[in-house]
Amino acid sequence: MSFTEAVSSVFSKYAVFSGRAGRPEFWWFALFNVIASLILAVVDYLLFRHEILGAIYGLAVLLPGLGVAIRRLHDVGRSGWWILVGIIPLVGWIVLLVWYLSPGTSGVNEYGSPSA
Numbered sequence: 564m565s566f567t568e569a570v571s572s573v574f575s576k577y578a579v580f581s582g583r584a585g586r587p588e589f590w591w592f593a594l595f596n597v598i599a600s601l602i603l604a605v606v607d608y609l610l611f612r613h614e615i616l617g618a619i620y621g622l623a624v625l626l627p628g629l630g631v632a633i634r635r636l637h638d639v640g641r642s643g644w645w646i647l648v649g650i651i652p653l654v655g656w657i658v659l660l661v662w663y664l665s666p667g668t669s670g671v672n673e674y675g676s677p678s679a
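To convert a position in the sequence shown, counted from 1, into my numbering, add 563.
There's no promise every hint is true.
So the derived label-pair ranges between C-beta atoms look like this [as the list claims (entries may be wrong)]:
1) P677 to I602: 50 to 56 angstroms
2) S600 to T567: 42 to 48 angstroms
3) S676 to I650: 19 to 25 angstroms
4) G640 to A604: 33 to 39 angstroms
5) Y608 to V648: 30 to 36 angstroms
If you are wondering where the hints come from, they were derived from the structure by calculation, not from laboratory data.
Every value quoted in this text rests on a predicted model; they were computed, and no experiment measured them.
For each residue, glycine too, the CB sits at the ideal point set by N, CA and C.
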């Protein structure tokens, strides 16, 4: 899956929390968020001296980001509720990172067939 395919896939599934998302879809969208956030931070600083556009962008990508994270957990055979482990500082973040980096289950699992 290419960068543009991944980003368009995530935005086309704006608030979809079912199904599976492979590593490329998740990580390309994460890279897109980092790039967009950096660009908006510079624009915000130059135009407003406050984080206005960044805050609006953050709200706009909240649901797609949550959706792709939950679908990524589904791909490794975990319930989407496991995203709440991220509430635990450091340990929870490391656990989520390991799951996000892990290869998905091959073949069909209880959340459906692997995404392309």
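Supplied distance hint 50 to 56 angstroms, evaluated on CB atoms of P677 and I602
32 angstroms, violated
Falls inside 42 to 48 angstroms, the C-beta gap from S600 to T567?
Roughly 18 angstroms apart at Cβ, these two residues miss the hinted range, so it is violated.
Distance restraint evaluation - Y608, V648, Cβ atoms, bounds 30 to 36 angstroms:
34 angstroms, holds
Between S676 and I650, does the beta-carbon spacing fit 19 to 25 angstroms?
With Cβ atoms ~31 angstroms apart, the hint is violated.
For the range 33 to 39 angstroms, tell me whether the beta carbons of G640 and A604 fit it or not.
36 angstroms, holds
Taken one by one, the earlier hints fail for this structure at numbers 1, 2 and 3, listed in ascending order.
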